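Asks: Listed below are the residues making up each chain.
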Amino acid sequence: MAKKEYSFYPGCSSQKAASSSNYQVSVDSMCNELDIQLNTIPDWNCCSASIGYAGGGELPRIALSARNLALSEQANPGQDVVATCAACWLATKETKERLHEDDGLMEETNQALSAAGLNVKADQKVRHMVEVLIEDFGYDELGKHVKKPLDGIKIAGYVGCQTNRPFGIDGESFENPKYLDKLVETMGAEPIEKYEKKVQCCGGALAFSEPEKSQAMIKDIIEAAYDGGADMIATPCPVCQMNVEVYQNHINKKYNTKFKMPVVYYSQLMSVAYGKNYKESGLNGQVITPEKLSIIAKK
Amino acid sequence: MGNLNTTMIEKYRNSFLHEVEANVEEGEWVKMCMQCGVCSGSCPLGPHWDHPPQELFMMIRAGKREEVLTSSSMWMCTSCYNCIVRCPRELPITHIMHGLAHYAKRLGLVPENQQTEKFAQLFWDNLTNTGRVNELKLGLKLYFMNGFGEGIKMSLKMQDVGLNMLKTGRMSPFELLGGHSIKDKTGFHAMLQKAKELEDAKIAKHGA
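If you read the sequences in order, they're chains X and D.
All residue numbers for the first sequence refer to this note's numbering, where the first residue is 1 and numbers rise by one.
All residue numbers for the second sequence refer to this note's numbering, where the first residue is 300 and numbers rise by one.
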């Protein structure tokens, strides 16, 4: 297949030494194998995720994502905007839709952007990396690149919220999306098919402001993975990954559990299956080591 | 802000619904609610809301202005979007909750010490400072947002999480010294200032 190019919006958490920097490492490795060229939007800014609304009204928040779209149009004309972070994708896609639904908003947004010497049309597609994999490659093509099948690993595919709602992946249901299980299977691992917490909310940003309430939900997400016999959880979302992985000690203390459930990104599964090593797959960024995946990565 | 609240009460004396329609993000959808309760039943933090979304919509129509705007309810929204995809009338409920929360804040009606309101404001201040989130500074501000004593307690409690993030290279102490930033901060700040001015002017006009 010929090289594919996209305008890339990496997002704050993927930056060097940030909370999902290991996601970015694995995405780079995966894209290298698939001959995907990610052209980073120059000088991109934060989208304010889904928690910017206290300080930012509708227009300032829309302006944030519109600035990224405008910069993308300038530097990478004609290219789809691709995000790896669920919140980045949601905010940017939401902005594009609202600008086209509301002429007044488009005009005001461009008035604000002109203060930064920019102008937006917002006519490009805004896509999640998972959409690129499924729609521009497809499971068969993704499977052809597998060098080391993930034999014998049982994986709970935790899709979470914002990669799934309100937009989701075309052709998938909001209540029982199957794409993550299909990706897991394509990499030679075994999906936990009846993972009932696959679209359960982890609390999102409220894991910081309402930790007790969020951790009660996270506990259920992990427990269901154990009940299904999973060796690890896989997710497409940086907030899901962090929330479900890093508070397990606290949950163990509070609920008298013995959780030690690894939580990885789909791109890490793919990097390892594509023959990339431990570090190239970002596995040195895991707080809880996914043993079975690490063994294959080090082989 | 107290003034704006009084102005709005005067202006919309007879209809809180009209006030919401004119001033709250996606507020024009509120009247479309058919009171089925699917949103309330779908909310992951539902049991923790004083008034779940369906109830808020009914209260808005019933003119219960103060009860709605001073409620902590909409600050319980985790932005999971369950309600949006399940609503038979396709109300953008998540956005209306964000809009109500923002409007309550604009009018100075948020309950004291509302934790999500505090964190969300910290997040906004953090990202607008350099154009990108500085996770380390955000985390520290979060721990200390309820005072110094509480901050020390939180820092100790969260020590294992911080150390794990440092050890795995997912956090860096160097972020305290400036940290990640966009280049065109001047243009970025001018853009946000202009957006805020446009929005404030619109609200002021509605209140006039």
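Among the clues, some could well be false.
Which stretches of chain D does chain X cover? Using the computed rule of at least three CB atoms under 8 Å from a CB of chain X, they are [to be verified]:
(1) 312 to 319
(2) 330 to 340
(3) 349 to 356
(4) 362 to 369
(5) 376 to 387
(6) 393 to 404
(7) 409 to 422
Mimicking EDC-like on lysine to aspartate or glutamate, the simulated pairs with C-alpha atoms at most 20 Å apart in a straight line are [to be verified]:
(8) X:Lys3 to X:Asp140
(9) X:Lys254 to D:Glu474
(10) X:Lys254 to X:Glu223
(11) D:Lys417 to X:Asp140
(12) D:Lys466 to X:Glu280
(13) D:Lys456 to X:Glu210
(14) X:Lys194 to X:Glu212
Examples of chain D residues lying across from chain X (beta carbon under 10 Å, computed) [said to hold, decoys possible]:
(15) Asn304
(16) Thr306
(17) Ile308
(18) Glu309
(19) Pro343
(20) Leu439
(21) Phe447
(22) Gly448
(23) Glu449
(24) Ile451
(25) Lys452
(26) Gly468
(27) Met470
No lab work stands behind these hints: they were computed from the structure.
Computed from a predicted structure; not experimentally measured.
Even for Gly, the Cβ is constructed at its ideal location relative to N, Cα and C.
Asks: Taking the hints in turn, state whether each one holds.
Replies: Now for the hints, and whether the structure bears them out:
1. Counting residues of the region 312 to 319 of chain D whose CB falls under 8 Å from any CB of chain X gives 0; the rule of at least 3 is not met.
2. Given a C-beta distance limit of less than 8 Å, the hint that chain X covers the region 330 to 340 of chain D is violated, as 0 residues qualify and 3 are needed.
3. Requiring three or more residues with a Cβ within less than 8 Å of a Cβ of chain X, the coverage given for the region 349 to 356 of chain D is violated, as only 0 such residues are present.
4. Here the region 362 to 369 of chain D counts 0 residues with a CB under 8 Å from a CB of chain X, which misses the bar of 3, and the coverage is violated.
5. By the rule of at least three residues with a Cβ nearer than 8 Å to a Cβ of chain X, the coverage given for the region 376 to 387 of chain D holds, with 8 such residues.
6. Here the region 393 to 404 of chain D counts 6 residues with a CB under 8 Å from a CB of chain X, which clears the bar of 3, and the coverage holds.
7. For the region 409 to 422 of chain D, the assignment as covered by chain X holds, since 8 residues bring a beta-carbon within under 8 Å of that chain's beta-carbons and 3 suffice.
8. Under the criterion of a C-alpha separation no larger than 20 Å, the hint pairing X:Lys3 with X:Asp140 is consistent with the structure, at around 18 Å.
9. A hinted pair counts as satisfied when its Cα atoms are at most 20 Å apart, and X:Lys254 with D:Glu474 does not qualify at roughly 31 Å.
10. For the hint pairing X:Lys254 with X:Glu223, the CA-to-CA distance comes to about 14 Å; that is within 20 Å, so the pair holds.
11. The straight-line distance between the Cα atoms of D:Lys417 and X:Asp140 is roughly 48 Å, outside the 20 Å bound, and the hint therefore fails.
12. For a cut-off of 20 Å, the pair hint linking D:Lys466 to X:Glu280 stands: about 17 Å separates their Cα positions.
13. Taking the CA atoms of D:Lys456 and X:Glu210, the gap is about 15 Å. The hint holds against a cut of 20 Å.
14. Between X:Lys194 and X:Glu212, the direct Cα distance comes to roughly 27 Å. Violation of the 20 Å bound is thereby established for this hinted pair.
15. The beta carbon of D:Asn304 is not positioned within 10 Å of any beta carbon in chain X (closest approach about 16 Å), and the interface hint is therefore violated.
16. Annotation: interface hint on D:Thr306 violated; nearest CB of chain X at approximately 17 Å, more than 10 Å.
17. Here the hint on D:Ile308 is broken, as its CB sits about 20 Å from the closest CB of chain X, past 10 Å.
18. The closest approach between the C-beta of D:Glu309 and any C-beta of chain X is roughly 22 Å, which is over the 10 Å cut-off, so the hint fails.
19. Restraint check, D:Pro343 versus chain X: the minimum CB separation of about 4 Å is within 10 Å; hint holds.
20. Hint on D:Leu439 is violated. Least Cβ distance to chain X is approximately 12 Å, over the 10 Å limit.
21. The criterion of a C-beta within 10 Å of any C-beta in chain X is not met by D:Phe447, whose closest approach is roughly 19 Å, and the hint is violated.
22. Interface hint status for D:Gly448: violated, as the beta-carbon distance to the closest one in chain X is roughly 18 Å, over 10 Å.
23. A least Cβ separation of about 13 Å between D:Glu449 and chain X goes past the 10 Å threshold, and the interface hint is therefore violated.
24. This hint is violated: D:Ile451 has a C-beta 17 Å from the nearest C-beta of chain X, more than the 10 Å allowed.
25. Look at D:Lys452: its Cβ only gets to about 13 Å from chain X, farther than 10 Å, so that hint breaks.
26. About 6 Å separates the beta-carbon of D:Gly468 from the nearest beta-carbon of chain X, less than 10 Å, and the hint is met.
27. The interface hint given for D:Met470 holds, since its Cβ lies 6 Å from the closest Cβ of chain X, which is under the 10 Å cut-off.
Violation of the numbered hints given earlier is confined to hints 1, 2, 3, 4, 9, 11, 14, 15, 16, 17, 18, 20, 21, 22, 23, 24, 25; the remaining hints are satisfied by the structure.
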